[in-house]
Amino acid sequence: MNRREFINLAGMGASAAVLSSIPVLGRPITPEEALTTIDPALKKKLADVALNAARSKGATYTDVRIGRYLNQFLITREDKVQNIVNTESYGMGIRVIANGSWGFAATDKMDNTSIARTAEMAVAIAKENSRILTTPVELAPQKGFGEVTWKAPIEKNAFEVPIKEKVDLLLGVNDAALKAGATYVSSNMFLVNEQKYFASTDGSYIDQDIHRIWPTFYITRIDKTTGKFETRSSLSAPMGMGYEYLQARPQDKIAGVTTLYKGRYDMIEDARAGAQQAGDKLKAKSVEPGKYDLILDPSHLWLTIHESVGHPTELDRVLGYEANFAGTSFLTLDKWESKNFKFGSNIVNIQADKTQPGSLGAVGYDDEGVQCGKWDIIKDGTLVNYQAIRDQAKILGLPASHGCCYSQSWADVQFQRMANISLQPGKEKKSIDDLIKGVKKGIYIIGDGSFSIDQQRYNFQFGGQLYYEIKDGKIAGMLKDVAYQANTQEFWNACTGIADANDYRLGGSFFDGKGQPMQSSAVSHGSSTARFAGINVINTSRNIG
Amino acid sequence: MPILTKDEAHALLKKVLAYSKADECEVSLYGSDTGNIRYARNSVSTSGLRSQSTLVVSSAFGKKLGVATINEFDDASLEKVVRRAEELAHLAPENPEFVSFLGPQTYAEPKTFVQTTAAITPKQRTDFVAQSLQIAKDTKTVAAGFLEDGTGYAAMANTKGLFAYNTSTSVNFSVTMRTEDGKGSGYATRGYNDVSKLDTKAATQIAADKAVKSSTAKAIEPGKYTVILEPAAAAVLIERILFGLDARQADEGRSFLSKPGGQTRLNEKLMDERVTLYSDPLNADLPTSTWNGDGRPHERVNWIEKGVIKNLAYSRYWAEKKGVKAIPGPDAFIMEGGTKSLEDLIKGTKKGVLVTRLWYIRDVDPQTLLLTGLTRDGTFYIENGKIMYPIKNFRFNESPVIMLNNLEELGKVERTVSVESNTNYLLPPMKIRDFTFSSLSDAV
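Those protein sequence lines, which keep their order, are chains A and B. Quick note on our numbering: the first sequence kicks off at 410 and runs consecutively. Quick note on our numbering: the second sequence kicks off at 1462 and runs consecutively.
Do not take every clue at face value.
Pairs of lysine-lysine residues, derived as DSS-like cross-links and limited to a Cα-Cα distance of at most 25 Å, are as follows [to be verified]:
# : chain 1 : residue 1 : chain 2 : residue 2
1 : A       : Lys744    : B       : Lys1679
2 : B       : Lys1783   : A       : Lys489
3 : B       : Lys1847   : B       : Lys1679
4 : B       : Lys1525   : A       : Lys489
5 : A       : Lys454    : A       : Lys518
6 : A       : Lys573    : B       : Lys1524
7 : A       : Lys536    : A       : Lys803
8 : B       : Lys1584   : A       : Lys536
Derived from the structure by calculation, the hints contain no laboratory data. Predicted model only: the values in this text are computed from it and were never measured.
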């Protein structure tokens, strides 16, 4: 499933008519079936069949991914449950190097004959591709780990929570929003469990269990007299957590113009506020275009980090592998090699971390058997590293892969995907109020909205959910029709303040899209609230008669 | 499982329906063989094959619906999937918006299948790429491209006697050529049902020419410009109108087609009178399925006629509630054009900007359909009927509704592919005045 399908499915888009039915994501199953697992000993046997078959046909390297992917969607609008979908997808993807070329084939027929035939097909494709090969593929060295396991540190498996309890929560969210003035409201819960098994000719047999959860709502409020409408999406974040994410405690809340959530989320409280704020937006002042100091909340800033730091530091883009679709990168190798490319101001420190608890990208090992860790991308404002996988690490002469290889399913080939990329908190003690106090003319933006960036990641435009005008260090009321535009390097060099670690929160996406055919990947981005000086703001209101 | 014939599919679906104990049962069957090959840095990076078949069973008891899917087709599996759908229906909450399945329908014979495409081999795919890579060698440029072909069939039947069947083939190709110094970039894309129409060499040559000619672009001030959008650039904007044709969204007051007091803009003139957008499943240059996912026939529909909104797309539930014909949303659309070539449009332009491709399109305001995005892979300044020099890319903020009011001229229609949705369309190149570029981008 990609972003557009999800938007349609979740009733958040205008194009519901185009999608006549729920996309088929796999085999529908009962909720109880989602609680079973497959014995790693059986997976090892199946993997060995593929490894041996590929080797016998001449593969010099083989990896096998056996994946069982479970999804549960709960979709509601107003007082109705529109759909409950449980799906399972189970199969095996086999990737080989033969004659110096990659080959890949996948099957959902898990008998020995089908597996061996699929492995042979992967080798045959690699050999066919090698006809027009220019440079043979080489991998950065990787030791085998033997038989190991990794499990996401969740407290409560959301698949174990009865459907009724989840439906009651969503209908409660809708009820709260309608009572607070929403004209329409849809709410959804999206659960994922990836049970992944990886084996390779390097000698690794890795069994992993990954959980994700994303509760969302979408409120529309219409002014019947003028026909104008405003919307407000939830301030939730998709998380690598269990159902505990939906059990917010007092210490998980940050009070302010609206309640902000740290690590756990109160969906009903946010829906009530959201309906009220959608009404406030209808009456809000339309923004005067010009330069403003921006105070960006982590529920908004994650997406700016994702687009302007995460993507241009992906090594496949830098090297040109994505030139025909997602694009290349302005962070060319010469800038990295110079060791003095000033990406941001001195307080900007950005780290990649594939192990961060609660994040969407946290795993023990990536999809080519590399143990995951964390590393600096931007250090004191300077570009110091990229995000690499094994064959790219070899091209650059790096000592090892960064462990950024991922595939959305057993049926797709794995490739370089973004790690969790996060802005590190400010080192000085500083709160959101401290940041606002120093602003003469500014806008405080909460929540993510419209987003667009060019194919080399220079020029971007972002909107949000809530915009508050700041005058002489104080919040002066709500604004609407706001979007800001900037150049990536100028923007990060304009970063003049970052709140401390007490304010640090994660945002993220289930649907980072890349590759042809396109694959989705889930990734988190953390930050504390940050201030950017003198950013160009445009007014987005128009009239179509 | 291989691609089933109409008779084979019908026999299988009848067998599945015979297992049903529900009030109503509907069964859909999909199968496809797809192949792809991807290249970058002048070398193949990935390629793969995928063959899959899926049977979807929808069982209803009253307004309770259960859906189950399976990809095994022995008798035991077929019965199991029907029982599973029935179990899920019993567990499901009642859906007040459930509409009883359709009875028998009459469909036109589709034109979407071409045998040559169905017979494509891995060697042919590699050869297509080899031809593209030869251009890279000859022009000293760097190629990145993607070719994907597919052969598929779809069939559905229900306990009310409906049966529908269709087979189709497709091939989409796109290529980006960049100069070795990274200062120039060009793009071309092609989509067909018939792979024998695909010429990767010619398409790559166009992209390579654009790459070379777009090198060392000059910066000009952002602002309102007359633009000529090539069909691939127009596609990603015009399709947003198509995505927004949903009647329920309009009736509920939350679309660009809504008006105060629950009214809509249906039958109102919203664009220039030269704008006519329609869908036609039997169009020879862009054939599409003659039925949609819930069994409704696709017919020729004028969505926008001479600038007037003529039809909206309905779900069966919403049409029943409103007491109107349930016209399904289209699979693709066609825009009427003129007789001039792209070159003719350029010749007739005093000052303007030629746009090859638009990228990263996102909604900014659903009320006005305001979109943002950027030009990419070949943007040129036109003066006195000639391309004068390459210019740096722009970000735009524009609504396709406003844009089609500012229409200057339409060229000759051609088949193109949206890079955003991968859908094929028949669109003309179009000249638009006062197109809003809001800032410059350094991206190449």
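Here is how each hint holds up against the structure:
no.	hint	in the structure
1	Lys744(A) <-> Lys1679(B)	holds, 23 Å
2	Lys1783(B) <-> Lys489(A)	holds, 19 Å
3	Lys1847(B) <-> Lys1679(B)	holds, 16 Å
4	Lys1525(B) <-> Lys489(A)	holds, 13 Å
5	Lys454(A) <-> Lys518(A)	holds, 15 Å
6	Lys573(A) <-> Lys1524(B)	holds, 19 Å
7	Lys536(A) <-> Lys803(A)	holds, 22 Å
8	Lys1584(B) <-> Lys536(A)	holds, 11 Å
The structure is consistent with each of the numbered hints, conforming to all of them.
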